[in-house]
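Undergrad: Sequence:
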Amino acid sequence: MLSLLLILLLTSCSAPLEPAPQEEVISTLPVVENTTTVAATQPPAATEEVVLPTETEAAAQAAWLAYAGPDSNIWLMDVQSGTKEAVTLNGSAQQAVAVGETSVRYSDPKWSSDGRYLAFAMQRMTILSDRADFQDSVMVYKIETQEIRPVLENQLLAGFNWRPGTHEISFALSTDPNYFTGRGVVDAALAKGIQSINVESGEQQVIVAPQGYSLVLPRWSVDGRMVTFNEVYLMEGSGQFAYYDLEAQQYVSWGKPVGGYDLAPDGSLLAYDNLTYTPNGEERIFMANLQGGNEATFSPTPLLENAYAFGPHFSPDGVYLAYLTSTAFNEPALYQLVVQPVGGGEARTLLENENISSVVWSPDGEWLAAAAGHYDVSQIVLVNFADGTSQMIGEGWMPAWKPIQ
885 MLSLLLILLL
895 TSCSAPLEPA
905 PQEEVISTLP
915 VVENTTTVAA
925 TQPPAATEEV
935 VLPTETEAAA
945 QAAWLAYAGP
955 DSNIWLMDVQ
965 SGTKEAVTLN
975 GSAQQAVAVG
985 ETSVRYSDPK
995 WSSDGRYLAF
1005 AMQRMTILSD
1015 RADFQDSVMV
1025 YKIETQEIRP
1035 VLENQLLAGF
1045 NWRPGTHEIS
1055 FALSTDPNYF
1065 TGRGVVDAAL
1075 AKGIQSINVE
1085 SGEQQVIVAP
1095 QGYSLVLPRW
1105 SVDGRMVTFN
1115 EVYLMEGSGQ
1125 FAYYDLEAQQ
1135 YVSWGKPVGG
1145 YDLAPDGSLL
1155 AYDNLTYTPN
1165 GEERIFMANL
1175 QGGNEATFSP
1185 TPLLENAYAF
1195 GPHFSPDGVY
1205 LAYLTSTAFN
1215 EPALYQLVVQ
1225 PVGGGEARTL
1235 LENENISSVV
1245 WSPDGEWLAA
1255 AAGHYDVSQI
1265 VLVNFADGTS
1275 QMIGEGWMPA
1285 WKPIQ
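Under the numbering used here, read the sequence shown as residues 885 to 1289, first letter to last.
No lab work stands behind these hints: they were computed from the structure.
Among the hints, a few may not be true.
No farther apart than 25 Å at their CA atoms in a straight line, the calculated lysine to any residue pairs in the SDA-like style are these [claimed, not checked]: (1) K1076 x P1061; (2) K994 x E1279; (3) K994 x S1242; (4) K1140 x G1066; (5) K968 x G999; (6) K994 x G966; (7) K1076 x E1028; (8) K1076 x K968; (9) K994 x V1261; (10) K994 x P1061; (11) K968 x G1066; (12) K1140 x Q1095; (13) K1140 x E1189; (14) K968 x Q1030; (15) K994 x P1200; (16) K994 x G1066; (17) K994 x Q1019; (18) K1026 x Q1095; (19) K968 x G1257; (20) K994 x P954; (21) K994 x P1149; (22) K1026 x Q1289; (23) K994 x D1129; (24) K1026 x P1048; (25) K994 x E1250; (26) K994 x D1260; (27) K1026 x S1013; (28) K1140 x M1171; (29) K1026 x E969.
With the sequences and hints as input, model every part of the structure.
TA: Structure representation (structure tokens):
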């Protein structure tokens, strides 16, 4: 449930933590619009063993999960053996508060479709005399060599994602401070499009030019043909849903905002919610074709009292849809992880917790991973799709499954 408001908040008022001292190496990979080098951490040789329940050890095959840990570092876990490996070392352990102090936080891990690279965000905050200065970078970890390099640095980012079948990262930049000239009025000359960079060659290009609005939060269809994004038309809330067909070279905008969404693996359906700003209890899951036609309500009604539905995610085969419901207006709040057949059928609740986020399917569709609990005590939960059994496998959030090759 991303929104432009969240992007603005993260780039202006988040509070990363102070990095622990460590040895660093200098990257030589080309970077964007910056000729300076950036220090990149090497992963440690040591690993940490975690004893998992028998159900997890009996998983059909080993699967690696990347996630952001409570120490603000990126971690890898083999969910079959419980082995954990730290990818980064200099994530912050304390909040920077004094002038001149710098904090580093790593987040948002994303795998290339072949599993050879893991990209993640690095946010560096420096306390100045009159404000906190934030700079975003995208780092890439190469599995074969265990080397970390920056591919974008010292930017203010508004989303990034891998294009499937390539080693290219698509990204968007935050809107220009002078972009808005009034309520719902923008300066189109300052609009920014979707760009990409090849992590191996450093080659950069614009893949979607703006058509009146700045574009943010790029995402891709499974086949790498369609890139979806939001058009920024208001200062707050989600942007208008739009996509670009690279083969047909066609730009299509719905002309209306949607909240969280997911494109079916075959590209035929878009599942989305209408949680475009703060919830009011009326939010539901909808289905439509990619052009916005044949819209129908998908999530069951009625839900629990004062509940709303959001955050849809198709299973890898497109047969099921997972989503969340929440009674956030109640005390205590109750979140539910729900799965429902796309073709029709009853919804099934797999997990309940006071807070659930970052839901992702395993590549084989047999498991779901999610973050459960409040931010400061968040746990990665592994949920069995078949029987709904679950187990906590470690502290953290933002889980990302490594693709199976």
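Undergrad: Indicate, hint by hint, whether the structure satisfies it.
TA: Structure-based check of all given hints:
Restraint check for K1076 and P1061: the C-alpha separation of about 12 Å stays at or below 25 Å, so the hint holds. Annotation: proposed proximity of K994 to E1279 holds, straight-line Cα distance about 18 Å (limit 25 Å). Note on K994 and S1242: the hinted pairing holds, with a Cα-Cα distance of about 12 Å set against a maximum of 25 Å. Restraint check for K1140 and G1066: the C-alpha separation of about 19 Å stays at or below 25 Å, so the hint holds.
Proximity of K968 to G999 is assessed by CA-CA distance (about 17 Å); at most 25 Å being required, the pair is judged to hold. At most 25 Å may separate the alpha-carbon atoms for a hinted pair to count; K994 and G966 meet this at roughly 20 Å. Only pairs whose Cα atoms come within 25 Å are accepted, and K1076 paired with E1028 is rejected, the gap being roughly 35 Å. Taken as a hint, the K1076 and K968 pair is broken in the structure, with Cα atoms around 39 Å apart against an allowance of 25 Å.
Proximity of K994 to V1261 is assessed by CA-CA distance (about 22 Å); at most 25 Å being required, the pair is judged to hold. Restraint check for K994 and P1061: not satisfied, since their Cα atoms lie roughly 28 Å apart, outside the 25 Å limit. The straight-line distance between the Cα atoms of K968 and G1066 is roughly 50 Å, outside the 25 Å bound, and the hint therefore fails. In summary, the hint linking K1140 to Q1095 is supported, as the alpha carbons are separated by about 15 Å, within the 25 Å threshold.
Proposed proximity of K1140 and E1189 is contradicted: the alpha carbons are some 28 Å apart, above 25 Å. Distance hint between K968 and Q1030 is fulfilled; the C-alpha atoms sit about 15 Å from each other, no more than 25 Å. For the hint linking K994 to P1200, the alpha-carbon distance of about 16 Å falls within 25 Å, and the restraint holds. Annotation: proposed proximity of K994 to G1066 is violated, straight-line Cα distance about 36 Å (limit 25 Å).
Straight-line distance between C-alpha atoms of K994 and Q1019 comes to about 19 Å, which keeps the hinted pair within the 25 Å bound. Simply put, K1026 and Q1095 have alpha-carbon atoms about 35 Å apart, too far for the 25 Å limit, and the pair is violated. For the proposed pair K968 and G1257, the alpha carbon gap of about 21 Å is at most 25 Å, so the pair holds. Of the pairs offered as hints, the one joining K994 and P954 holds, with about 18 Å between alpha carbons and a cut-off of 25 Å not exceeded.
Pair hint K994 plus P1149 holds up; C-alpha atoms about 18 Å apart against a cutoff of 25 Å. For a cut-off of 25 Å, the pair hint linking K1026 to Q1289 stands: about 16 Å separates their Cα positions. Taking the CA atoms of K994 and D1129, the gap is about 22 Å. The hint holds against a cut of 25 Å. Of the supplied pair hints, the one linking K1026 and P1048 holds, its CA atoms being roughly 17 Å apart against a limit of 25 Å.
Between K994 and E1250 the alpha-carbon distance is near 20 Å, which keeps this suggested pair within the 25 Å criterion. At most 25 Å may separate the alpha-carbon atoms for a hinted pair to count; K994 and D1260 meet this at roughly 22 Å. Under the criterion of a C-alpha separation no larger than 25 Å, the hint pairing K1026 with S1013 is inconsistent with the structure, at around 38 Å. Between the alpha carbons of K1140 and M1171 the distance comes to roughly 15 Å, so the proposed pair stays at or under 25 Å and holds.
Only pairs whose Cα atoms come within 25 Å are accepted, and K1026 paired with E969 is accepted, the gap being roughly 14 Å.
Going through the hint list in order, the structure does not satisfy hints 7, 8, 10, 11, 13, 16, 18 and 27.
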